[in-house]
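Visitor: One-letter residues, chain by chain:
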Amino acid sequence: MTCAMWEERVALFAGGDLGTAEATAVERHLSQCVACRALAAELRLELDGLRQVHAEPLAAEHYAVVRGRVLAELAKPQRGRAAWPLAWAAALAVAAAAVWVVVMMKLPAIPAPELPRVVSIAPMVERPVPREPGSKRSLKRRERTGWQAKAPAPLAGGKVGQTLSSVNLQVNPVVSRPAAEDSPVRMVQLATADPNVVIYWLFEEKGEER
Amino acid sequence: MKTLALVAAEAGDQREGPDSVLEAARAGDRGAFDLLMRRHERLVLGTAFRLAGNLEDAQDVSQEVFLRLYRNLAKLDTGNLAAWLYRVTVNVCHDARRRRPATVPVDDAPELAAAGDPQQSAGEAERRALLLRSLRTLSERERAALVLHDLEGLSTAEVAGVLGSSVATVRSQVSKARLKMRDFVERYSRRRL
Numbered sequence: 001m002t003c004a005m006w007e008e009r010v011a012l013f014a015g016g017d018l019g020t021a022e023a024t025a026v027e028r029h030l031s032q033c034v035a036c037r038a039l040a041a042e043l044r045l046e047l048d049g050l051r052q053v054h055a056e057p058l059a060a061e062h063y064a065v066v067r068g069r070v071l072a073e074l075a076k077p078q079r080g081r082a083a084w085p086l087a088w089a090a091a092l093a094v095a096a097a098a099v100w101v102v103v104m105m106k107l108p109a110i111p112a113p114e115l116p117r118v119v120s121i122a123p124m125v126e127r128p129v130p131r132e133p134g135s136k137r138s139l140k141r142r143e144r145t146g147w148q149a150k151a152p153a154p155l156a157g158g159k160v161g162q163t164l165s166s167v168n169l170q171v172n173p174v175v176s177r178p179a180a181e182d183s184p185v186r187m188v189q190l191a192t193a194d195p196n197v198v199i200y201w202l203f204e205e206k207g208e209e210r
Numbered sequence: 001m002k003t004l005a006l007v008a009a010e011a012g013d014q015r016e017g018p019d020s021v022l023e024a025a026r027a028g029d030r031g032a033f034d035l036l037m038r039r040h041e042r043l044v045l046g047t048a049f050r051l052a053g054n055l056e057d058a059q060d061v062s063q064e065v066f067l068r069l070y071r072n073l074a075k076l077d078t079g080n081l082a083a084w085l086y087r088v089t090v091n092v093c094h095d096a097r098r099r100r101p102a103t104v105p106v107d108d109a110p111e112l113a114a115a116g117d118p119q120q121s122a123g124e125a126e127r128r129a130l131l132l133r134s135l136r137t138l139s140e141r142e143r144a145a146l147v148l149h150d151l152e153g154l155s156t157a158e159v160a161g162v163l164g165s166s167v168a169t170v171r172s173q174v175s176k177a178r179l180k181m182r183d184f185v186e187r188y189s190r191r192r193l
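Here the protein sequences come in this chain order: A and B. For the first sequence, the numbering used here begins at 1 and goes up steadily by one. For the second sequence, the numbering used here begins at 1 and goes up steadily by one.
Hint data in this document are derived by calculation from the structure and do not stem from the laboratory. Where is the CB? At the ideal position from N, CA and C, for every residue including glycine. Careful, some of the hints might be misleading.
Stretches of chain A that chain B covers, calculated by requiring three or more beta carbons in the stretch to come under 8 Å of a beta carbon on chain B [unchecked claim]:
1. 7-20
2. 36-49
3. 97-104
The whole structure should be built from the sequences, with the hints applied where relevant.
Guide: Shown next as structure tokens:
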């Protein structure tokens, strides 16, 4: 049996890899331990044998084979080596195109949303307008300065059944004229793709344009 | 400080003036590159042979090492050519082994003993073969450390530089490698008796 705690140091000692202090400690142990002494001797013997085997040169033809292969490889035209980046780029482009085609084929067609249609244009029954928020002071200021809130641009040119995208926003007196002279507020009803959703557009015409 | 092994390996570069062969090879002189290969082929093929374990793989490794040398001639530090060659040889062996793992585990020792014929095997030749076989029982790092340190004669610090590890790690690897080899040989011998 050898001393397990000394084994690694004995292995290094056998190859002459210990410093003076460590080597002295190992030598002291070896002088007292027969098993470790035998281990050191065997390790030295095997190392020497391995070094002798390694020191024997290989046959000259083995080296010549390698040299010949290397020189033959270098003598090959460089075209293949120089062209590989281009080949890679082309392969990548083809792969990317293939992926794009597959993705486009797999994607479901997304239908365009149906635009709302004008279903009716009618004058709105005028109702009492709730008082605008604001203090009495600000109301008085408005009366004094003649300030008025701007009315939205009137829908013009619209017809019943017409989609909103084709509605002409220019003033059309026929459409925008109110049925009753005293009702400036008009209402446009827009139908959407969802029958439960109807858009009402309220606007007021300016007096000058009637 | 460089060991005699590295100094001797690099001395070849200085024989015909300062890096004249290397400069000519860099300039595209294939004859000069052939000379450069001749100077270092023992280092490369010998190390690869011990690391790979067979001549065919070692020749493949050497071919790749010299091709890498040719491709890197322009940026090579000539003062460290031997160390560079050792490093590349170890790396190419590692790549080759990953592609084709070695197939001789430690537990094959009894089988080897059973296969041998005591009458025919001459003691010395068998012992040499056994020692080389014992190299294959080591892990890749242990084998590299042992081959570079014990067979190629690099110092522990130089081996650490080649393998990219610490001196302490290399010492440990070398020590364990020696013990493993000795265990293999001992098991084989015990089996034969």
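Visitor: Of the hints given before, which are not true for this structure?
Guide: Number 3 - this is the single hint that the structure violates.
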